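2 protein chains.
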Amino acid sequence: MTDFAATRTLFHLPEGMIYLDGNSLGPLPKAAQARLTQTLADEWGEMLITGWNKAGWMAQATALGDRIAPLIGAEPGSVTCGDTLSIKVYQALAAALDMTDRKIILSDTGNFPSDLYMAQGLIGALDQGHELVTVAPERIAETLSEDVGVLMLTEVDYRSGRKHDMAALTKAAQALGIITIWDLAHSAGALPVHLSTCNADFAVGCTYKYLNGGPGAPAFIYVAPRHVEQVRPALSGWLGHEAPFAFDADYRPGGGIERMRVGTPPILQFAALDAALDAWEGVDLHDLRAASIALSERFIAEVEARTDLVLASPRVAEQRGSQVSFAHPHGYAVMQALIARGVVGDFRAPNLIRFGFTPLYLSEEEVVRAAEILAEILESGSWDRPEFHARSAVT
Amino acid sequence: MTDFAATRTLFHLPEGMIYLDGNSLGPLPKAAQARLTQTLADEWGEMLITGWNKAGWMAQATALGDRIAPLIGAEPGSVTCGDTLSIKVYQALAAALDMTDRKIILSDTGNFPSDLYMAQGLIGALDQGHELVTVAPERIAETLSEDVGVLMLTEVDYRSGRKHDMAALTKAAQALGIITIWDLAHSAGALPVHLSTCNADFAVGCTYKYLNGGPGAPAFIYVAPRHVEQVRPALSGWLGHEAPFAFDADYRPGGGIERMRVGTPPILQFAALDAALDAWEGVDLHDLRAASIALSERFIAEVEARTDLVLASPRVAEQRGSQVSFAHPHGYAVMQALIARGVVGDFRAPNLIRFGFTPLYLSEEEVVRAAEILAEILESGSWDRPEFHARSAVT
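The listed protein sequences correspond, in order, to chains A and B. Going letter by letter, the first sequence gives residues 1 to 395 in this note's numbering. Going letter by letter, the second sequence gives residues 1 to 395 in this note's numbering.
Hints in this document: simulated from the structure, not taken from any laboratory. The model shown is predicted, which means the values in this text are computed figures rather than measured ones. A portion of the hints provided could be inaccurate.
If chains are identical, the list can't say which one is meant, so a pair holds when it fits in one copy or spans any two.
Unchecked claim - In silico SDA-like links for lysine to any residue, alpha-carbon gap of 25 Å or less: (1) Lys103 <-> Arg232; (2) Lys54 <-> Arg385; (3) Lys103 <-> Lys171; (4) Lys54 <-> Val283; (5) Lys171 <-> Leu378; (6) Lys54 <-> Ser382; (7) Lys171 <-> Thr134; (8) Lys30 <-> Asp274; (9) Lys54 <-> Gly255; (10) Lys54 <-> Glu387; (11) Lys103 <-> Asp250; (12) Lys30 <-> Met99; (13) Lys30 <-> Arg8; (14) Lys171 <-> Leu144; (15) Lys103 <-> Gln120; (16) Lys171 <-> Gly110.
Could you put the whole structure together from the sequences, leaning on the hints where they help?
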């Protein structure tokens with residue numbers, strides 16, 4: 001059994017805070033501070049430009065990918081890190097569209113908006129008659145057809161936590177000649193993912209949520225080994241070139257997943273991410289999933305026993321990721337009141353209060369206490385104060 | 001007069017090293033360590049998700065752009081930071097192509113290869129008959145015509161240090177209806193740049209060279225205020241949306257330069273960059289340019305007095321950026337021998353040894369000593385050892 005009491009000691013958690021927002025930004029791994037200090041003092045400071053070789057900076061994009069690969073069921077050498085998730089979505093989608101003559105990109109209305117925006121931007125730039133079609137999540141399976149070129153989905157819905165059946169949808173899509181792109185933003189580090197077993201074509205994800213890589217941590221991209229040598233990168237940057245330091249005039253894609261690298265990688269963010277990934281050593285993802293479900297179920301039960309809030313996530317645990325949302329017409333103010341009491345979740349428009357469950361550092365006692373505080377706030381009406389209604393830029 | 005003895009104290013420079021490679025990666029600003037520690041401990045660690053508001057993370061991309069703007073002669077609010085330089089080249093080029101029906105992108109053979117690669121990738125993805133034409137740098141002016149849609153140049157050549165006349169070329173291009181994109185990778189922090197005065201349309205640059213932002217520091221992009229509200233972003237990520245946290249289904253570009261943001265910004269890299277930019281407070285860029293020329297001229301004179309190396313940079317200081325290259329048939333080995341003696345420059349294929357001059361932290365004594373050591377290595381033939389010929393991944 002994974003020792004979650006031990007993994008909890010690896011993170012800094014602020015005194016008096018119950019943190020139910022690791023699905024937005026994971027907490028600071030205690031090892032990150034020393035790792036950053038070392039990267040600055042011993043590497044950047046002392047090695048300067050030679051750090052690209054001596055400290056191994058140049059190889060880190062794919063070395064980190066290899067550390068993430070087992071968490072998402074990917075083959076070694078099939079994942080590389082860098083850029084942002086939006087950029088990686090663009091790369092995957094541009095590559096997928098290049099592999100098919102079909103013009104329809106199918107997604108769902110629960111996909112994270114930036115994925116849809118990147119598709120819209122790519123379609124506009126290409127000006128080749130592509131179309132983004134979005135349907136309700138539960139209608140994806142029935143909408144698959146031989147007119148669809150690419151199925152682009154986020155496995156776990158950022159608002160409701162509803163989880164697609166990756167294996168079944170990938171199989172159904174591929175039977176119709178559709179290429180699949182899976183966004184794992186709310187999956188990687190939240191639950192077991194089986195990219196290789198599911199025969200996924202492309203996947204992308206971020207590392208600042210359940211992987212605890214820090215604010216603005218780099219994204220990752222997966223390309224199935226059966227495709228990668230044929231993939232034509234639209235974002236053909238020098239670090240994806242076969243020989244970046246030959247400084248050739250013409251782009252030649254690098255071997256394997258290396259071609260999905262673009263520009264100079266963010267070494268300070270890499271250092272923090274590398275420290276964060278240490279926490280996964282010895283973690284069994286099935287233990288993680290069981291603990292996540294236990295925490296989520298307990299929270300739902302405690303909230304429903306104490307309040308009349310309406311669950312906005314699937315009732316069946318296996319159909320959820322590692323987060324739970326409730327609807328409240330004044331969700332924003334309720335969440336601000338919760339945060340003021342030290343219970344940090346977040347609000348998602350129009351009316352959802354959202355809570356993430358992260359067994360690496362979250363205990364059952366905290367989950368129960370969070371439900372108690374939520375009930376107190378609703379019971380007393382203390383959320384209905386002007387300061388809790390005032391909107392800030394990021395919610 | 002700028003006090004360069006004072007700015008030197010702001011950087012950590014390794015004992016016994018003469019660093020002539022600030023044009024590849026600037027040294028560690030002493031303030032960066034404390035800034036990172038603060039960002040990790042006080043912001044990420046204590047504020048967690050609320051750091052996006054409380055610590056101002058969300059506003060930093062454009063706040064940092066506003067700190068860079070005066071260094072490149074840009075209007076306030078016209079620069080934003082993030083991603084890599086290759087991504088920013090793609091954004092600028094996609095936006096520029098969207099503004100013209102002409103199909104030719106003109107660049108020169110001295111442009112940094114990644115800029116050309118990104119153009120090739122974009123052209124391939126668009127599949128609309130665009131063509132990248134490259135000519136020798138000195139032939140750019142005569143090649144401008146009404147067939148050219150976009151002129152995409154790096155102001156200072158990464159190999160030779162040759163500097164284009166931005167004002168003259170921009171004017172000549174615009175007289176023919178050509179849109180200009182300037183890559184300032186080797187200009188920002190190296191010499192005065194006057195984007196607004198030159199009437200440039202787009203500019204991009206990196207911050208890890210002369211701006212000392214650290215390995216993988218974010219890039220920046222400039223869009224002329226007269227264009228920005230019409231620019232249609234190809235990389236239409238959520239942080240470039242008018243209201244990112246409304247989570248609308250459709251992309252609507254944000255106001256002004258905000259629309260050139262893409263995904264979640266790299267906050268740890270931003271912290272280091274912000275610390276690095278402190279060094280520019282009180283620096284007069286004309287003093288910087290004068291000091292850079294003095295250092296470069298002294299180095300050329302000392303090298304030519306002691307060796308028969310052939311200058312591969314323009315002879316006239318005003319035609320160079322802040323770097324100087326010499327040709328040597330075994331340039332790679334010579335540079336390795338120099339590095340082994342503590343003189344760090346770099347090698348650029350096929351045969352250039354390259355030296356950057358950075359008055360913020362480099363003294364005339366160091367420059368003279370570097371020339372002496374170079375002369376000793378060439379005189380003794382000590383560069384001709386197997387260990388100096390062995391290639392590593394990054395040179």
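Quiz item: Going back to the hint list, which numbers does this structure go against?
Solution: Of the numbered hints given earlier, those the structure breaks are 4, 5, 12, listed in rising order.
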